[in-house]
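For the protein sequence lines, the chains are A and B, in the order given. For reference, each letter of the first sequence is one residue, going 1 to 94 in the working numbering. For reference, each letter of the second sequence is one residue, going 1 to 492 in the working numbering.
None of these hints come from the bench; they were simulated from the model. Source: prediction; values computed, not measured. Certain hints may be false.
Said to hold, decoys possible - So, partial list: chain A residues that the calculated Cβ filter (under 8 angstroms) puts toward chain B: (1) 33; (2) 48; (3) 62; (4) 84; (5) 86.
To be verified - Not everything, but these chain A residues come out facing chain B in the computed CB check (under 8 angstroms): (6) 1; (7) 8; (8) 13.
Ideal placement from N, C-alpha and C gives every residue a C-beta, glycine not left out.
Listed below, chain by chain, are the residues.
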Amino acid sequence: MIDREQVLHVARLARLELTDEEVARMAGELSDVLGHIERIDQLDLEGVAPTTHVVDVPNALRADEPAPSLPREVVLERAPAVEADGFSVPSPQA
Amino acid sequence: MTATDAVAFTAAQAVDALARGDLSAGELFAAYRERAAGEELNAFTWVAEEAPAVQDGPLKGVPVAVKDLFCTRGVPSQSGSRILEGYRPPYTATVVENLERAGTTLLGKTNQDEFAMGSSNENSAFGPVLNPWDRGRVPGGSSGGSAAAVAAGLTPWAIATDTGGSIRQPAALCGIVGMKPTYGAVSRYGMIAFASSLDQAGPLTRDVTDAALLLGHMVSRDPRDSTSIGLPEAIRLPDARRLDGIRLGVPEELSGEAEGIEPGVMEAFEATLRVAQELGASLETMRLPHAEHGLSAYYVLAPAEASSNLARYDGVRYGLRSDGSDLVSLYTQTRHDGFGPEVKRRIMLGTYALSSGYYDAYYGRAQKVRTKIAQDFHEAFERFDFVVTPTAPTVAFGLGTKVHDPLAMYLNDYCTVPMSLAGTPAISIPNGLSEGLPTGFQIAGPAFSENAILDAAHALEGAIGFDGSRAFSRGGMPSTPPERGAPGPLGL
């Protein structure tokens, strides 16, 4: 079962701000879902290989050919804040 | 030809009518544009003002609706999320480019659950979609807008995506055809990602022939998606009328024994099994011993992948930005304001399952369960041509009835998730009514068996003779229902 402290820890990992009300609700909801998920604990999975890919394909290789990328101005047009031809963000230490 | 006649055609019939000159591309587009722009189901999030320049191709002049999460250059592509509100991508998804090259015209973008997370379309930042069979009920999800638009005749057909059932389940709840192809058949380039090892694009259509026609033009091997492999043989238009010699396996875990299957859904399923026998198929109950654990594995793996994929929404390069005094608070506040409750829940679940100390217990075990489920299918397909199940355990449920109970909502995917985990193709076709609402019949086959599945679905479709005209005539339209006597399989 998930408690308030765990919810806050996971929210920090996920870079997600939660209100007090969201934290309380999340603790209950995640506990319910994890309770269902924990049914897989009953299975004997000794020696079973974890899935890495569902279709049996060898390495996917392609020719390493240069191609044009999106123009800088097209990309920056969609950015919330731009400075000196780059994405602008507040200082990490502010 | 009147606009009512034009929209009564299936897409395949429209292709023929356009080729004969009975119908012009402009007329067809205008007829659908009027319906899509005036609809009342909230199925569309954007409708084209006018038809774009049409490329010459086998589908020349046939409009298509596209789920919001496919990137379309210069056209809103928001994946049902506030965090991408107003976002117009600088490039187009490969599958949409493939369809444009085949001659289709982009009619509009369709509503969906936020980032394709949901089974009712109630998780969209742009409001829920209403089911055209009963506007007090959900259309299913996550591709609810695409499914409702097709069922109501607001578009000839639509493309959508399926991660754990997001094409098949809304197809079932709206009384139309939906197919999830083999993982890798269709490029994921330009599809806004949910869970990359499961996401696949596929068609939502009025009938099986249209599903084959549309899927055939979606499939490709794409250098921009290294997991795309195309299909070993081209998709054919199905023509089977019989099922002689076809061996159907009915998994007890996903039918009689399944939790929460409504009696009416089970009756409709059993009626179709009898139809299959009359067409010459043999039936046998069988077991997929790990299928009952599919949901548990899925609700670890899909949120885990989502928590990683959705890390890109940080308020820096595109989309919503909320004020933050420093960089971390800019991230956390943007994500708080931009994501809805279900997306937050899945990010939390996935982050927890991947976090230090829990990774082996959740993610590691779930990937092993996935291997066992894939093995179950592999063994089943040594004995059976197809595995068949009800698509969804219930008919369309009332708006608001499950939205506050995540686990009850997740159980809707019970019969569709195992095929997603195994990467195998599956189709849902209309299977008759229960309580006056559509139910779906799911046919799953081994990897790359799309043509065989489409043939079997075509034979069953002909024998079932489902009438979807009720949703069509009520449509999303406030105006009068279509006139009687129009062509098409909608019984009009």
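Hints, verified against the model:
1. 33: Status holds, d = 6 angstroms.
2. 48: holds (4 angstroms)
3. 62: holds (5 angstroms)
4. 84: violated (15 angstroms)
5. 86: Nearest chain B Cβ about 10 angstroms off; hint violated.
6. 1: violated (12 angstroms)
7. 8: At 11 angstroms from the nearest chain B Cβ, residue 8 of chain A fails the 8 angstroms test, so the hint is violated.
8. 13: Where the cut-off is 8 angstroms and the nearest Cβ of chain B is about 5 angstroms from residue 13 of chain A, the hint holds.
The structure shown violates the earlier hints numbered 4, 5, 6, 7.
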